[in-house]
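Go by the hints and put chains L, X, Y and W with the ligands onto chain F.
Chain by chain, the residues:
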Amino acid sequence: MATFLRKRILSSAIPLVCVVLGVFFLARMTGNPVDLYLPLSATPEQRAEFSAAQGFDLSVPAQLWNYLVDAAHLDFGTSLRTGQSATEMVLDAFPVTLQLAGVTMLLAITGAVLIGSLAAYRPNSPVDRIASLLSMTAASIPDFWFAIMGVLVFGVSLNLLPTSGIFGGPEVWVLPIATLLIRPFGVLVQVVRGSMVSALSAPYVKIARSKGATPCRVIFGHALRNAVTPVLTVAGDLTVGLVNGAVIVETIFGWPGIGKLMIDSILQRDFAVLQAAVLMTAVTIFALNILVDVCHALTDPRVREAAPA
Amino acid sequence: GSAAGDAGRADGRTLRVVLTQEPPTLEPCEASLTATGVVVRSNITEPLVERDPDSGELHPLLATGWKQTDDRTWTFDTREGVTFQNGEPFTAGDAAFSIDRAVNSDLACNVEGYVFGDNDLQVKAESDTRLTVTTEQPDPILPLRLSFVEIVPRTTDPETKVRIPMGTGPYAVSSWQPGAAINLSRYDDYWGDAPDFSRARYVWRSDASVRAAMIDKREAEIAVALDPIEAEKDTTVAYPNNETTALRLDGREAPLDDIRVRRAVDLALDRDGIIDALLGGLAEPAGQLVPPGVVGHNQETEPTRQNVERAKAMIEEAAADGVPVDRQITLVARNGMFAGVSETAEALQYQMQRIGLNVKVRMADTATQLQYQLRPLPKNVGPIALLIMHGNQAGDAAFTTSQYLLSDGPQSTFGTEELDRRIADAGALFGEQRQKAFAGLLAEQNRSVVQYAHLAHMSGLLGLSPSIRYEPNSATGDEMRLAEVGSAKAGQH
Amino acid sequence: MTTTSACAPSAPSAADLALDVEGLCVDLSTASGTVRAVDGVGFSVRRGRTLALLGESGCGKSMTALSVVGLLDPAAEVTGGAVRVRGRDTLRLSPAERRKLAGPVLSIVFQDALTALNPVQPVGRQIGEPFRIHRGLSRREAHEKAIELMTRVGIPEPRQRAKSYPHQFSGGMRQRLLIAMAVALDPDVLIADEPTTALDVTVQAQIMRLLRDLQDERNMAVVLITHDLAVVAQRADDVVVMYAGTVVEKGTAREVFSAPRHPYTRGLLDSVPEDAVRGQPLPAVPGSPPELSAVPSGCVFQARCPLVRERCVRERPSLRATGAGRSAACHFSEELDRD
Amino acid sequence: MTEEALSAADGREDAPESAPARKSPPRWWRLLGRDRAAAVGAVILAVVLLAALFGRPFIGDHAQRQDLDASLRAPSLSDGFYGLLGTDVLGRSVLARLIDAAATTLSVAVPAVLCSLVVGSAIGLWAGYHGGRRESVAMRVADVILSFPSLLIAVVVLYVFSPSALNIVLILAVARIPVYLRTSRAEAAELRSRLFVDAARTFGTPSRHIIYRHILPIALPTLLTVATLDFCFVMLTESSLSFLGIGIQPPDVSWGLMVAQGRQYLQTAWWITVLPGLAIVLTTVSATVLAAWARIATDPAQRWRLTLPRKRRGASAAVPPEMIP
Amino acid sequence: MTESRTTTEAPGPRTEGHPPLLEVRGVTKSFGSGRRRLTALDGVDVRLGRGETLGLVGESGCGKSTLARVLLGLERPDAGTVRYDGVDPFALRGKELLNWRRRVQMVFQDPFASLNARMSAADLIGEPWRTHRDVVPDARDREKRIRELLSLVGLRESDAHRYPNEFSGGQRQRIGIARALALDPDLIVCDEPVSALDLSVQAQVLNVLAELQSRLGVAYVFISHDLSVVRYISDRVTVMYLGKVIEHGGTEEVFDRPQHPYTAALMSAAPVLDASRAAHGQEIRLKGEIPSPFDIPSGCRFRTRCWRAEDMCATEAPPTVGREPEDAGDDHTALCHFPLEVRSARA
Ligand SMILES: Nc1ncnc2c1ncn2[C@@H]1O[C@H](COP(=O)(O)OP(=O)(O)OP(=O)(O)O)[C@@H](O)[C@H]1O
Ligand SMILES: Nc1ncnc2c1ncn2[C@@H]1O[C@H](COP(=O)(O)OP(=O)(O)OP(=O)(O)O)[C@@H](O)[C@H]1O
Ligand SMILES: [Mg+2]
Ligand SMILES: [Mg+2]
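Protein chains in written order, with the working numbering: chain F, 1 to 309; chain L, 1001 to 1493; chain X, 2001 to 2339; chain Y, 3001 to 3325; chain W, 4001 to 4347.
Just chain F, with the same shape it has in the complex (with noise of 0.2 Å):
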């Protein structure tokens, strides 16, 4: 297993060099920030000034390699929206994010496992058909339209339920949360079907069966962990898509995450900071990346035996 994580992390350090390269080029395509930070009455004298104090009057391969130097030293630079440590602000930001993409994703597998199983374990029954309907809607709702309805409907109607913000109770989280979760939730419940209809069909099954096992049994005992492995890969790319980009959840219901950090740096063209949390996301995802695969070790004896090799 030590090998294997270790061989893993180091496959990894590649694409997470590439990512890193990639946003700091793609970046710079995307036009210098001075216009954005001087007034629009700003003199050239004054841009050339900002841009020199800024650094970005160097050449793209200079400017990198005085980013790789500060890198290697742990210092990703300021932000030069608010003046802060870019990686300060992405430190701050990242919890927020991660506790939404951890509940949510939490209570998605454990939804969809329990609703795909029950929908897979007679397919084409009522309980199969509405399972379906309904998951394949969730999972094609547009999130901020749902977002925005829960505000209205459960925070201002019926009066349940904060509108937004992260202070306060758990009440604070149900509504960021289902949003959140209505799509992950779709998908899951199909990808959990899916696996699940065919893993039932397996010949274990049948043995289970023979032996008297109850429809719970064979489903949670027998026939889930052999089902999980593409729910697993699945649920770690829709974690990927949510550590990314919960902008929509961030921005409407005022949570300072990574998503809504990483998308004004974007369109603030704050480079220190993007980079910063780009650096911070792909990091995470590739951790993302091996915990799936640890996963899979953890529920397959046969994916972890092969491991070492």
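Honestly, the hints are just simulated from the structure, not real lab data.
For every residue, glycine included, the Cβ atom is placed at its ideal position computed from N, Cα and C.
A few of these clues could be false.
[Claimed, not checked] Here are some, though not all, of the chain X residues that point toward chain W, as calculated from beta-carbon distances under 10 Å:
hint : residue
1    : Gln2206
2    : Pro2281
3    : Pro2286
Same frame as chain F, now just chains L, X, Y and W with the ligands:
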């Protein structure tokens, strides 16, 4: 309970304000940025003089009086008995330090570029209560410019920008929860009248419907920049926000290089229709770049009335003269410029197309739009009709003309020598003469240049909880004075 | 004669029968319509006895077995007949009641040992599971029982091996694990569907010995489905020969093998390569069984039968007694004796 | 696309029958009739497709015709055909715009999904089949694309170039390639060790033919299912691009743009945003249902499910219901 | 059916007169790495002449299928050589490889997994022609040929349009055989082709194989668990145990006079139909389990289960005893310290 929400409980002592975005910083020298200024100005820090948003006159604030002592020198008397929030007394020395820091330093403050250009000032504290400011050229509106400089204590870092400022204002920053909220508390030794609310709390939501919902739900007392769609509610109040929208027509490219085409565009616009349908009826049709109340506003100029037939005729005439009227014009607008901007762009496009022009819309983000707005203007992009929104917070048309009308003004595409000369002359004038000169200038642009097809003098829409009293004015968007907000039930605090 | 008439259940028979199948009919939905895959199959086994189910591949043996234990594919549906164990017709039980029988009364061993074990569970867990389901034992107790069973079926070092996963066992061991699981609760009836087809002879012999020992020990009735006539000859007390979904001959193994009363059985016995001389063609039954969707209305074997007459085309022979405890479905079964 | 695949499958079934004894398997449309949900889905998709193909000439310029006096009229029967679904804030007919938008939406979503499907699956199948270094390189490339904030790519491309429909298609396609790449790689890696692949190798079948003949047909239903989900994702992403102003540019209109623009009227004029949203939901759900059906209908081992009489497909089989896999 | 045969003569040099059709020497193949290294084949030698049948028997997991895959070029051996008419198939490329492919076919052990479930029987049988387009160039001929092949293996013509799931195991296996026959190969490696078949069909299939051999001179490598089948069909038999060939010889020789204890045990365990015959042959019951292939016993690998094993079996690798293949005629060799019936030709 569930009703509390993020902005804290409605306890009657905290004034909760919901903004559109988190201020990037509270650095006072960046206060000319709307997002920063709305929190900082006149709440945390104060300038020497302030401009009355309604009359445009200057009132004393930290300065009690000022006069021009020679061509290039102004003398200010500073107020006594004022203390900073750290307890230190305010002196002319602090004022000199603040002006120096904002205008002459390497900080690249927004205010420097915004109101002072590349001219440095010589600032000198003659005594604890007297200050002289010397400019390189004669500057008749120096006090107005100085009304943008927020005064900070001498102990402020002159080398780097601060995130959390100290000032003489009625409120001091008590905490900033990054990304979530900024809390202010009342400064008890404030030299002026004590504000009603002992605390204030800013939060931000970028979605207008959420901001509106927060007012409905009593999660906030004040919400800024609501959608016009909310205007009917009795919890909202509209105010003219000194912003003026217009289409800037790039007169260097065919077919916009033909004045008949530009006139036709001006005639094609259905200002009333757009205002009623898209802007909630909150704006006023505009015939010039500056709204009433700003020095230079021309009382006589009327907004152009839509006349599709005449516009069509003019286009046909131009076409007959060989003007390539079917060349595609790009109508560039910025997302989030105001509520309903993309619909407005579509309406403008439709109206321009109706008179026989070929128009394509391009909605851009801020950075992209700035490329089109500022010199050096992009090349090889064809004829551009740029939807601009000009802020007149400074209250003087000099800021407008030098930017928008000068042939090589940073935000102007072309002009005439005649106009340039008159702009230079008008800038040196005072008082009534100044007003007249600028008013004439604006009329002249409509007559002979038509770089701008004016659209509307805009309004802001504020959501106000019934539990407070507040009268917004044209400066509210940039400078929301919490001290002016009162509790609806007197004596509740 | 219609095919459905055979499916009517007849009167219940003696109670000492461990398993009594009567007139079992199974319909199969295929893309081109519904076909009858099992048509009026009936047989019974007493405790301690072994019944072999023989027949062409695809003649419906597995399907019969699966309907007995209630594990049919959803494509297939039991449309008639009765399966009686302990005097109750399992086809008419509720799912919950049927589950109570699965394990302690009826149990099955499948052919495909490679995939029949859950790949992600330690085998000890799987073997102990019947005890947890039916006896309500704790996890630890079930584990102990599993180790006992593994010892019984001859897995070396069972305590360590119980924690291993199926892929860590050889085919023969896996098959033994399946058998261990099936006999865990001393079922009345054990159905073994080709339990040794994939195994080599030494292992096959081992498994067969194991089955016999277990049967002796626990006095089970065993239904053995296999193609291997030699295994049948060695192991079975009774034989049921199936062809195209119907039973064509029944009787004791010794009698059927020594004097088959159906031309198909006869052909089958002849085609054993054991005594054949290399270079000489094997005496095979020519042709292939009828398609399920086109089973002829007369005798199902008519197309391949050396004795076929006009009557065979007209009339389907019913299973009739041809001796003590023997029966065959052939109009001319007597003629076979004369050869 | 699905229908093409089906008719291909159908064609195979229609190969000359040598034996009259055997009934030919049911034709695909009969199979479709057996699954009511899929039939409804097919009808909805057909309507959308027809609207997209022939809607524009039919509605003329009604989708663009503004009338600021008729702003925000509620759906009503009295305002003629074009008033059936109300008007938007510029007084344009929502019905006409929905029809107009169908064409734009499909012309963005379908090519985007197809591009990523084709490119992603091709690379994925290739990498998965060959394994080894090729596989790990392909996977790392997928990792890189996946962990790239796709919005950044969008902003860059649409900034450096212009926000044309083609660029939007390209961006969406590139951003979604890893999804197909991973799915198809996993499938191919699993399938490459199957015996029938070995069998094909013993005939000397070239790798590309093995991939095309043996691996693709099995992976395709899964990929199609992913594609239908993605179809929806692409439409929603396009809507958020519109929201950032770099999506479809007016006067063109897409459902995503309508949803994004109309959301501020959610409380006052629900029809502007709810109807296009509904169109997105209905289209994707229909596509998903149809994909699920196609998955069964093209799989010979599953096809019987569709031939069952309806009542038996559910829980009422003689086999204990819980025994249905 | 035979026209194209002459053109497929193998190119390449011929050594010492007529090289056998197939010659395998010292083929070793292992899977995995490090601790989990499994040696599936360990220095296997096999010879097969044109038109001959080689029976391959052995405990399950002893490497028979692996050997078959090596013969088909599906696995590359770690060491050792494979020669067809003196030509190394692993060195072939392009057209030559394709030609070779056509001469060697395989029938797989698992009839469920070796057929693509989405192809009809006709497609499956005709699949090789899609690569080898010249074999049956005309589409109408193809159909005819498919019908021929179907009836050859005892399936109905109407089965052509059915899918694998609609066939029983035996029927599927026949499709597999028909597919292997489609290219008229020189050699068919049959990996337990009849173990899923019932007797009457098995007889048909065996007859088909035998007839093809006599008509076309096809050679077979015939892997089976069913010793009676092996005995019936093979000219020679090779017995494997844990990746090594432990006995090799003419069929009658090996069956009637096994030299290696394992072979003897194998023969005795085979059930026989005739109950009287079963009684007089004493069954040898082997003790213990097959050792793990990850951990092969030292010396003689059979010693852990052998009733004749002595101390030296654990330390020394067993020698080859018996008549070597060079001694023309009925060679018979075994790998054992204490063979049951030493008939050394060297003596
Ligand atoms: N899902 C299915 N669809 C169509 N036909 C099927 C299906 N399952 C089984 N059959 C057919 O039903 C018949 C009986 O099958 P069954 O598995 O019982 O045969 P069997 O006697 O066990 O054969 P074998 O000895 O090969 O295992 C066969 O002809 C088979 O082709
Ligand atoms: N690709 C592979 N990776 C790892 N191990 C393998 C692989 N293929 C085969 N083996 C191992 O090699 C050994 C020989 O396998 P092989 O399939 O050749 O046996 P066999 O003699 O054909 O057995 P059976 O009679 O059961 O078919 C077995 O232990 C098997 O587990
Ligand atoms: Mg069977
Ligand atoms: Mg094998």
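Quick rundown of the hints versus the structure:
1. Taking 10 Å as the C-beta contact cut-off toward chain W, the hint placing Gln2206/X at the interface holds, the least distance being around 8 Å.
2. Because the smallest distance between the Cβ of Pro2281/X and any Cβ of chain W comes to about 5 Å, under 10 Å, the interface hint for this residue holds.
3. At a threshold of 10 Å, the smallest CB-CB gap from Pro2286/X to chain W is about 8 Å, leaving the interface hint in force.
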